[in-house]
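Chains E and H are the protein sequences, given in the same order.
First residue of the first sequence? That's 1 in my numbering, and the numbers climb one at a time after it.
First residue of the second sequence? That's 1 in my numbering, and the numbers climb one at a time after it.
Misleading hints may appear alongside valid ones.
Quick list of the computed label-pair ranges, beta carbon to beta carbon [said to hold, decoys possible]:
#1 H:ARG223 with E:PRO198: 52 to 62 Å
#2 E:THR55 with H:THR323: 28 to 38 Å
#3 H:ASP162 with E:GLU373: 42 to 52 Å
#4 H:HIS11 with E:GLU373: 52 to 62 Å
#5 E:ARG273 with H:HIS11: 50 to 60 Å
Heads up, simulated EDC-like pairs for lysine to aspartate or glutamate below, C-alpha to C-alpha not over 16 Å straight-line [stated by the list, open to error]:
#6 H:LYS358 with E:GLU271
#7 H:LYS196 with E:GLU271
#8 E:LYS358 with E:GLU271
#9 H:LYS196 with H:GLU174
#10 E:LYS358 with H:GLU48
#11 H:LYS196 with H:GLU212
#12 H:LYS358 with H:GLU271
#13 H:LYS196 with E:GLU49
#14 E:LYS358 with H:GLU51
#15 E:LYS358 with H:GLU49
In case anyone wonders, no lab produced these hints; they're calculated from the structure.
It should be emphasised that the depicted structure is a prediction, and the values quoted were computed from it without experimental measurement.
Ideal placement from N, C-alpha and C gives every residue a C-beta, glycine not left out.
Single-letter residue listing:
Number of protein chains: 2
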Amino acid sequence: MTPEEFRRWGHEAVDWAADYLSYPEHYPVLPPVEPGGLLAALPENAPEEGEPFETILADFQNRIVPGITHWNHPGFFGYFSVTGSPPGVLAELLAATLNNNGMLWKTGPAATELEQRTLAWLLNWLGLPRDWFGIIFDTASTSTLHALAAARLHAHPATRVDGAPPDLVVYTSEQAHSSVEKGAIALGMGQRNVRKIPTDDAFRMQPGSLREAIAADRAAGLRPCCIVATVGTTSTTSIDPVPEIAAIARETGIWLHVDAAYGGAAAVAEEYRHVLDGCEQADSLVVNPHKWLGTPVDLSAFYTRRPEVLREAFSLLPDYLRTAEEDRAVNFMEYGVPLGRRFRSLKLWFVMRAYGRKTVADILRQQIAWARELAAEIAAHPDFEVSAPAPLSLVCFRMRGSDDANRALLDRVNASGDVLLSHTVLRGRFVLRLAIGNWATRRNDVQHAWSLVRQAAAAR
Amino acid sequence: MTPEEFRRWGHEAVDWAADYLSYPEHYPVLPPVEPGGLLAALPENAPEEGEPFETILADFQNRIVPGITHWNHPGFFGYFSVTGSPPGVLAELLAATLNNNGMLWKTGPAATELEQRTLAWLLNWLGLPRDWFGIIFDTASTSTLHALAAARLHAHPATRVDGAPPDLVVYTSEQAHSSVEKGAIALGMGQRNVRKIPTDDAFRMQPGSLREAIAADRAAGLRPCCIVATVGTTSTTSIDPVPEIAAIARETGIWLHVDAAYGGAAAVAEEYRHVLDGCEQADSLVVNPHKWLGTPVDLSAFYTRRPEVLREAFSLLPDYLRTAEEDRAVNFMEYGVPLGRRFRSLKLWFVMRAYGRKTVADILRQQIAWARELAAEIAAHPDFEVSAPAPLSLVCFRMRGSDDANRALLDRVNASGDVLLSHTVLRGRFVLRLAIGNWATRRNDVQHAWSLVRQAAAAR
Numbered sequence: 001m002t003p004e005e006f007r008r009w010g011h012e013a014v015d016w017a018a019d020y021l022s023y024p025e026h027y028p029v030l031p032p033v034e035p036g037g038l039l040a041a042l043p044e045n046a047p048e049e050g051e052p053f054e055t056i057l058a059d060f061q062n063r064i065v066p067g068i069t070h071w072n073h074p075g076f077f078g079y080f081s082v083t084g085s086p087p088g089v090l091a092e093l094l095a096a097t098l099n100n101n102g103m104l105w106k107t108g109p110a111a112t113e114l115e116q117r118t119l120a121w122l123l124n125w126l127g128l129p130r131d132w133f134g135i136i137f138d139t140a141s142t143s144t145l146h147a148l149a150a151a152r153l154h155a156h157p158a159t160r161v162d163g164a165p166p167d168l169v170v171y172t173s174e175q176a177h178s179s180v181e182k183g184a185i186a187l188g189m190g191q192r193n194v195r196k197i198p199t200d201d202a203f204r205m206q207p208g209s210l211r212e213a214i215a216a217d218r219a220a221g222l223r224p225c226c227i228v229a230t231v232g233t234t235s236t237t238s239i240d241p242v243p244e245i246a247a248i249a250r251e252t253g254i255w256l257h258v259d260a261a262y263g264g265a266a267a268v269a270e271e272y273r274h275v276l277d278g279c280e281q282a283d284s285l286v287v288n289p290h291k292w293l294g295t296p297v298d299l300s301a302f303y304t305r306r307p308e309v310l311r312e313a314f315s316l317l318p319d320y321l322r323t324a325e326e327d328r329a330v331n332f333m334e335y336g337v338p339l340g341r342r343f344r345s346l347k348l349w350f351v352m353r354a355y356g357r358k359t360v361a362d363i364l365r366q367q368i369a370w371a372r373e374l375a376a377e378i379a380a381h382p383d384f385e386v387s388a389p390a391p392l393s394l395v396c397f398r399m400r401g402s403d404d405a406n407r408a409l410l411d412r413v414n415a416s417g418d419v420l421l422s423h424t425v426l427r428g429r430f431v432l433r434l435a436i437g438n439w440a441t442r443r444n445d446v447q448h449a450w451s452l453v454r455q456a457a458a459a460r
Numbered sequence: 001m002t003p004e005e006f007r008r009w010g011h012e013a014v015d016w017a018a019d020y021l022s023y024p025e026h027y028p029v030l031p032p033v034e035p036g037g038l039l040a041a042l043p044e045n046a047p048e049e050g051e052p053f054e055t056i057l058a059d060f061q062n063r064i065v066p067g068i069t070h071w072n073h074p075g076f077f078g079y080f081s082v083t084g085s086p087p088g089v090l091a092e093l094l095a096a097t098l099n100n101n102g103m104l105w106k107t108g109p110a111a112t113e114l115e116q117r118t119l120a121w122l123l124n125w126l127g128l129p130r131d132w133f134g135i136i137f138d139t140a141s142t143s144t145l146h147a148l149a150a151a152r153l154h155a156h157p158a159t160r161v162d163g164a165p166p167d168l169v170v171y172t173s174e175q176a177h178s179s180v181e182k183g184a185i186a187l188g189m190g191q192r193n194v195r196k197i198p199t200d201d202a203f204r205m206q207p208g209s210l211r212e213a214i215a216a217d218r219a220a221g222l223r224p225c226c227i228v229a230t231v232g233t234t235s236t237t238s239i240d241p242v243p244e245i246a247a248i249a250r251e252t253g254i255w256l257h258v259d260a261a262y263g264g265a266a267a268v269a270e271e272y273r274h275v276l277d278g279c280e281q282a283d284s285l286v287v288n289p290h291k292w293l294g295t296p297v298d299l300s301a302f303y304t305r306r307p308e309v310l311r312e313a314f315s316l317l318p319d320y321l322r323t324a325e326e327d328r329a330v331n332f333m334e335y336g337v338p339l340g341r342r343f344r345s346l347k348l349w350f351v352m353r354a355y356g357r358k359t360v361a362d363i364l365r366q367q368i369a370w371a372r373e374l375a376a377e378i379a380a381h382p383d384f385e386v387s388a389p390a391p392l393s394l395v396c397f398r399m400r401g402s403d404d405a406n407r408a409l410l411d412r413v414n415a416s417g418d419v420l421l422s423h424t425v426l427r428g429r430f431v432l433r434l435a436i437g438n439w440a441t442r443r444n445d446v447q448h449a450w451s452l453v454r455q456a457a458a459a460r
């Protein structure tokens, strides 16, 4: 494809994208497809000869798009809703055009320094210490794995050479994301060394139980290594009491990592800055701009106050990667598993500048308000109950009745094509989750979802 | 930004990208910037109010692009050259527009199945077994970490629960990529358990030494766990004798992983299919379409014949991620660390279809031919020597003289702005690397680089 053909097809692609973004609700949120459907429709082998781009673009529109779950749909309320805002999309186009690999400062000076600056901007928006070291990974799961690796090295410096000792313990709440446990498994710390601390009525880690667990492990000859607190758990967006947890971490000398992948974003709005109270004492923290901050997937921002520990955990500089600038510049490849690095900071830069903090804060506070309004309506309805406090933009609820009835309710609502809700299990009971987070969602969309839920409940 | 504004700015961005792609040599390959330059030029804080997109785009063009190392420049011969081909760039635009997160089949049916199909297409192009399980990760370093984790679980199933035992040994060559060692460190297997097997005159792992090392470790009570062979090492593109290594792996029951991140691509051309000889016996293999196969970063294709082992190493299914389709569809999040998944297969699909196998094969064989031609010219020159065999598209060479003289030579050549060469150290000697791999590179560019080298050598 010549640059002039690229221009022509680029304009076509942009027009398609503009049309799509102006009306994503043209498609059902969940596509009406069965496993294997696309596989059956696609050729067994790639072509020997190149195909006209027209055909490829048509196949994209006719075969791929109808089989996509539309995370852009304003009725997408499952998992955590995300937003690839238009400025972020254009940044991805430009980043792919440059195709820069910023593994070293030398191989991407602007990419390296823009990553440093945008991550510092984000700290400022969140009210966190500006001098923290930031690095972008693909997902929060990867960020948390890096936090655990740093904590492990901090607790046991010989890990790097000798391997993971069998006695390092990780503490998190029973509501924490599965990535904490997965990270411990991957790092060879052992699933049995992950303690899931009980939570209170609001699904928040109980500091007293944490303290007891640490003491019991120490008494048993084990070494507490890392506490992972969560600001905005996946099931309910509960916010662990980080100030109390941080005090325990300080007293006991244990690394504190905060998973604020979703919830941390709320701190951009002044009145929700408190969600990050205590986090300034953390050793590391992750927040995902690709969740609630308008940035297309993937962009997970990982911070640590102890970059030297992270670097010691991961740095290997073979001859072929040595540069003259290594004492004067950050080489991000020294701070993690991946060597190659896509130019991800560009989209964060575009999004933060195109919207500005005030607009982003307005979007978030509005979505939180809609969630609270919805929670109040559900609580007031005789046939429904709110299943957990809704401190942010997620409402967990269920119809009064059996788990099976609620499962069927969820399926009926999602079959509408208008909305996607997801589910979780709280204290053994099946619960529906309605997560507001797509910037295209309006109050009407939330109200429509609630209306579909009531209709489906009444029709059963 | 409204969809109509997106349309307008999207057209602007495409026009800029088309101009850039038609003339990337407008910029020096290595930008004339110093560490901290961009940081000093950017505001300390993100704006409170949104800024006009015009300003952002202008800053991108005026501040970012001049500070970028231009991997698109036809004179980029450093590290491994890469190509973000125009169809791949457009796919990235569309993927960012959809903003799909294919963590589960349900959250991205088309993304999941297109990943399955394109990775099977690639197996077919490479002449590898079609029934291997494939999954996309960001980089080869991440893929290799997953290979080591699977090998670890295979050797010691209790790893998942109990943690990494201290006695598992990984074997690779002294020329292997640093990611093997980094992966072992990250997984808690211990740097001291990585054996770097000596290489022969052509920098290939010596099977005899491998066999001895395994026997010695077993005699010492250690447990050999994984052999990592390389097809196309980073320093010289040497190709380990995989058939012999595979035979050892089979005899000893050790997991064989092949790092074919760069070199594997050559197998797309029939006459170079032999570079993957023996790889059909591997337990896992990585090849990076984002290196030599026209796909924008990042896209690393990881394959394994034993997906059940990979899944056992990484699967955790919390309640909130359970779906009705989990027995009938692949949920890629079960097979690795990352949960969220960008829709990366789209660009591979676009690239494979837009070019077709024959065109890709022609590009690769042409680049290999240019490298061989260059190697012959260097070998024939009285002031230079070729430092390693050039089986693929990389030539390692040095000027006769000291390491310092060669370092200075490299700096002078790179200061031209016309080319970027990188370096490595072979048998203790500093060596220049000229890696052909950018699809925009022409024979003239290679010849020009060689001419610059000769001029710089003569001018010293």
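Numbered hints the structure breaks, given as an ascending list: 1, 4, 5, 6, 7 and 13
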